[in-house]
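*Asks:* Listed here are the chains, written in short residue letters.
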Amino acid sequence: MIDFDVVIIGGGPAGMAAALSAIKQDVSVLLIERDKRLGGVLQQCVHNGFGLHYFNEELTGTEYAERFEQSVLSSSVKVMLDSFVIDIKADKTLTVMSAEEGIVHISAKSIVLAMGCRERPAGAIAIAGDRPCGVWTAGFAQKLCNIKGKLVGKRIVILGSGDIGLIMARRMTYSGAKVLMVCEIMPYSGGLKRNIVQCLEDNDIPLYLSTTITDIVGKKRVEGVHIAQVDSKMNVIESTKRYIECDSVLLSIGLIPENELIRDIGVEMSRITQGAVVDETRQTSISGIYSCGNVLHVHDLVDNVSREGELAGYHAALYAKSSEPLGNKKYKVIASEGVRYALPQLINAENIVGDGSGTVKLFFRVGGVYSNSAVVVKCEGREILRRPKPVFSPGEMESVVLKTKDITGDIYIGIENLPHN
Amino acid sequence: MKKEYTCIMCPMGCSLTVTEGKSGIAVSGNSCRRGAEYAIQEYKDPKRIVTALAFTDVVNCVVPVKTDALIPKGKITDVLAVVSQLKISLPISLGQVVVSNVCDLGANIIVTRTLGAIGKR
Ligand SMILES: Cc1cc2nc3c(=O)[nH]c(=O)nc-3n(C[C@H](O)[C@H](O)[C@H](O)COP(=O)(O)OP(=O)(O)OC[C@H]3O[C@@H](n4cnc5c(N)ncnc54)[C@H](O)[C@@H]3O)c2cc1C
Ligand code: SF4
Numbered sequence: 005m006i007d008f009d010v011v012i013i014g015g016g017p018a019g020m021a022a023a024l025s026a027i028k029q030d031v032s033v034l035l036i037e038r039d040k041r042l043g044g045v046l047q048q049c050v051h052n053g054f055g056l057h058y059f060n061e062e063l064t065g066t067e068y069a070e071r072f073e074q075s076v077l078s079s080s081v082k083v084m085l086d087s088f089v090i091d092i093k094a095d096k097t098l099t100v101m102s103a104e105e106g107i108v109h110i111s112a113k114s115i116v117l118a119m120g121c122r123e124r125p126a127g128a129i130a131i132a133g134d135r136p137c138g139v140w141t142a143g144f145a146q147k148l149c150n151i152k153g154k155l156v157g158k159r160i161v162i163l164g165s166g167d168i169g170l171i172m173a174r175r176m177t178y179s180g181a182k183v184l185m186v187c188e189i190m191p192y193s194g195g196l197k198r199n200i201v202q203c204l205e206d207n208d209i210p211l212y213l214s215t216t217i218t219d220i221v222g223k224k225r226v227e228g229v230h231i232a233q234v235d236s237k238m239n240v241i242e243s244t245k246r247y248i249e250c251d252s253v254l255l256s257i258g259l260i261p262e263n264e265l266i267r268d269i270g271v272e273m274s275r276i277t278q279g280a281v282v283d284e285t286r287q288t289s290i291s292g293i294y295s296c297g298n299v300l301h302v303h304d305l306v307d308n309v310s311r312e313g314e315l316a317g318y319h320a321a322l323y324a325k326s327s328e329p330l331g332n333k334k335y336k337v338i339a340s341e342g343v344r345y346a347l348p349q350l351i352n353a354e355n356i357v358g359d360g361s362g363t364v365k366l367f368f369r370v371g372g373v374y375s376n377s378a379v380v381v382k383c384e385g386r387e388i389l390r391r392p393k394p395v396f397s398p399g400e401m402e403s404v405v406l407k408t409k410d411i412t413g414d415i416y417i418g419i420e421n422l423p424h425n
Numbered sequence: 212m213k214k215e216y217t218c219i220m221c222p223m224g225c226s227l228t229v230t231e232g233k234s235g236i237a238v239s240g241n242s243c244r245r246g247a248e249y250a251i252q253e254y255k256d257p258k259r260i261v262t263a264l265a266f267t268d269v270v271n272c273v274v275p276v277k278t279d280a281l282i283p284k285g286k287i288t289d290v291l292a293v294v295s296q297l298k299i300s301l302p303i304s305l306g307q308v309v310v311s312n313v314c315d316l317g318a319n320i321i322v323t324r325t326l327g328a329i330g331k332r
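Protein chains in written order, with the working numbering: chain A, 5 to 425; chain B, 212 to 332.
None of these hints come from the bench; they were simulated from the model.
Take these hints with a grain of salt, some might be off.
[Stated by the list, open to error] With a straight-line Cα cutoff of 25 Å, these simulated DSS-like cross-link-like pairs (lysine-lysine) come out:
1) A:Lys197 / B:Lys214
2) A:Lys197 / B:Lys284
3) A:Lys158 / B:Lys214
4) A:Lys237 / A:Lys223
5) B:Lys258 / A:Lys197
6) A:Lys82 / A:Lys154
7) A:Lys147 / B:Lys298
8) A:Lys158 / B:Lys298
9) B:Lys213 / A:Lys197
10) B:Lys213 / B:Lys255
11) B:Lys214 / A:Lys393
12) A:Lys197 / B:Lys298
13) A:Lys334 / A:Lys113
14) A:Lys325 / A:Lys96
Using the sequences plus the hints, can you model the full thing?
*Replies:* Listed below in structure tokens is the structure:
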């Protein structure tokens, strides 16, 4: 058994930031990554738009990752690559399968979960027809294209307007394929506005909202798809059905936090985020186990992932040093009208830690498109924050900053329509 | 004259409005300075950073590259054509220039990921 103060699982942006912030607290830190190189999903994100908030400059995903990679490799963080964490126990012992060292057992004082997320596979949606070759998840197509230089097809239909699909629409176009359209079953896009502008509009790729693929045609290889519009109840409108010839379908239908590792050890999970329930230090229901990045909730901004990693790494290090748990009394953060989820779900009552500046930042996502509305936060019947915004959309993670002195009980966060004037 | 844009300088995606009147060009809706600059640029002459993949001397291994300055939107295809002709010898480091002053646009093409001789780190 090898002992470490803090063990971090996953070497993406969340894990690297957690490691760098933990090591500053003079504890021993081990970062375990199953890939041959640090960086996580950013290694295949060759487009730019990363780091404007964190580094105050615009970087590609690969550049952003490499800055953190260099800092980690030149620090005293111990890095284990090509090593897969296969088991965690509630007593904070881990089993790792390492390409070099075989099975290794590790004992930690605190653990940071930073395993990221994976894509919803084709089986997750109901499309009629055979499952011929040529149906890929957008992220897999991205990996093939951006790391190996291979295109999955020449004439492509993309289902789902999540960011990976939009980014891939542009990448496939740049790489010589013809992207015919992006179909989105919802009446709004699931991706960031900027990606609609610079990936679709710049390249004249149409985005059809309230439209889905009803069936895929082709025995061995995709030959085409039928698409149709759906009504407000998601029923296919038969009269709008039409055939589109294509050789590949890319699915960009959402991400799921990769939490299999902790399913069995009793960490309380959120049904909505599919990640752990955490307090403002990103501690889960098992003290000494922390969670951050996409394994906690799906982020669209890597800058926020890095910040969350730093927060979790810092508190994991403090925990390892003192092993003094925070008080047990926690206030709940309750998502009300219009808010799908808010995170953290809990705030420590006795010892509100926040980010050290006397504030707690709440992240939230809305459940639909709300225009001319305000986000309103209440505590014990008092309104403690109100921020109007022209549009709230489910594709974009929002945040509000609360003053810790205002947090004296459970927090309610909701969206209120503003009267039109 | 009034035009609407979505700021693409960062993932916040603020909605920007450019109004041109007698007193000149005004921008509203931006949350930061970069948004205002972007809107004015987009109104006068839209520009982009281009990211692409270049072949290397290792099979099944490409290296990501980008222009180190904004280039006119209309020139993206020309820049991509130049990149598609490249064959980069590994190893190569982040930031290394592989084409200088591409298409006379005043921007270089630089590598955005360090790759070792066999396509790994
Ligand atoms: C296509 C795409 C486009 C994006 N565009 C932008 C953008 O323009 N701007 C922006 O700011 N953000 C963007 N993002 C978001 C950003 O990249 C992610 O939010 C961020 O990478 C998530 O970081 P993470 O560390 O949580 O997860 P990941 O990067 O997924 O890292 C998780 C790591 O954990 C490892 N791991 C998992 N399980 C185990 C295990 N059991 N044992 C060992 N290791 C394990 C994985 O191998 C992986 O390296 C984009 C994301 C994608 C996919
Ligand atoms: S105005 Fe500033 S904050 Fe808003 S999208 Fe543009 S760069 Fe981002």
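*Asks:* Hint by hint, work out which the structure violates, then give me just those numbers in ascending order.
*Replies:* The structure conflicts with hints 3, 4, 6 and 12, although it agrees with all the remaining ones.
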